[in-house]
Amino acid sequence: MHRIRLRVNGREHELAVEARRTLADMLRHDLGYTGTHLGCEHGICGACTVLVDGCPVRACLMFGVQADGTEVSTVEGLSTGDERSDLQQAFSDHHALQCGFCTPGFLMLAEAYLAERTSADGLTEAEVRELVASNLCRCTGYQGIVETVLATARSRRAGGP
Amino acid sequence: MTVIGTRMPRKEDPRLLRGRGRFGDDFSAAGQVWARVVRSPIAHGRLRRVDLTQARRADGVIAAVAAGDVPAGLPIPVRLAVRDIDLSGYLQPVLA
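One line per chain: the protein sequences are H and U, in this order. So for the first sequence, the numbering used here puts the first residue at 386; every next one is plus one. So for the second sequence, the numbering used here puts the first residue at 683; every next one is plus one.
By construction, these hints were calculated from the structure, which means they are not laboratory data. There may be inaccurate statements among the hints.
To be verified - Residues from chain U shown here face chain H by an in silico Cβ test under 10 Å; the list is partial: (1) R697; (2) L699; (3) F705.
Said to hold, decoys possible - The list that follows gives simulated cross-link-like pairs (lysine to any residue, SDA-like), each with its CA atoms no further than 20 Å apart: (4) K693/U to Q483/H; (5) K693/U to G439/H; (6) K693/U to R390/H; (7) K693/U to D471/H; (8) K693/U to G529/H; (9) K693/U to R469/H; (10) K693/U to S477/H; (11) K693/U to S470/H; (12) K693/U to Q474/H; (13) K693/U to E468/H; (14) K693/U to E461/H; (15) K693/U to H480/H; (16) K693/U to D467/H; (17) K693/U to S464/H; (18) K693/U to G703/U; (19) K693/U to G466/H; (20) K693/U to F486/H.
Heads up, the beta-carbon is just placed ideally off N, CA and C, and yes, glycines get one too.
Working from the sequences, and respecting the hints, build out all of it.
Right under this line is the structure:
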């Protein structure tokens, strides 16, 4: 067992985990953040995408101990209470979710991407399609997700939330 | 008054967008236990015997189940009829 400390959505956690415990299982079952989902458990589907120190990672391919001393962001941290972030609202407005299983992964991927890319010019649909190819969605056909990311980028660049 | 042709906002989006969906592995029920399906490590072999004695004695094991423990003749049903071809010869036992 290894004693580690990390922050999840700004909240400090200290716990003991086995070396082989994945970050995904640690977040879900040791810390109770079940919003992060497991679709494939081998890094293909992206449903487990979380941010570690701002970078999108496959939580199923990381060990919990590797997150020692880091800031982890999960879907639960995107908003508080009944509020919704602009990105979450945009997902709803553009029909970017149906069953919702892949949604947390896409939200975290989009947040990391928008943080990096919003200030840059010339964000194209082609670039967003390239981005969303990283995660699997069996329900929506990706169109709504692509539109959501484009719309949110536009709105943030125009000085929105 | 009809809703046909109107936009109907979904009710489940707020939960799902916050990661508050309750998919199969997202919740715990009191008294729940875990099951493992044990598969053969050999791709093409001859199964001679299944001995669950040690498994049943192992710490924390509530039950270990093999062919002898399920009702006789319990098949995995074939739902698709294929042109009067009798597929019963292809049915696999539920457990070894």
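Status of each hint after checking the structure:
no.: 1; hint: R697; result: holds (8 Å)
no.: 2; hint: L699; result: holds (4 Å)
no.: 3; hint: F705; result: holds (6 Å)
no.: 4; hint: K693/U to Q483/H; result: holds (11 Å)
no.: 5; hint: K693/U to G439/H; result: violated (31 Å)
no.: 6; hint: K693/U to R390/H; result: violated (37 Å)
no.: 7; hint: K693/U to D471/H; result: holds (18 Å)
no.: 8; hint: K693/U to G529/H; result: holds (18 Å)
no.: 9; hint: K693/U to R469/H; result: holds (14 Å)
no.: 10; hint: K693/U to S477/H; result: holds (10 Å)
no.: 11; hint: K693/U to S470/H; result: holds (17 Å)
no.: 12; hint: K693/U to Q474/H; result: holds (13 Å)
no.: 13; hint: K693/U to E468/H; result: holds (15 Å)
no.: 14; hint: K693/U to E461/H; result: holds (19 Å)
no.: 15; hint: K693/U to H480/H; result: holds (12 Å)
no.: 16; hint: K693/U to D467/H; result: holds (13 Å)
no.: 17; hint: K693/U to S464/H; result: holds (18 Å)
no.: 18; hint: K693/U to G703/U; result: holds (12 Å)
no.: 19; hint: K693/U to G466/H; result: holds (16 Å)
no.: 20; hint: K693/U to F486/H; result: holds (16 Å)
When each numbered hint is compared with the structure, violations occur for hints 5, 6.
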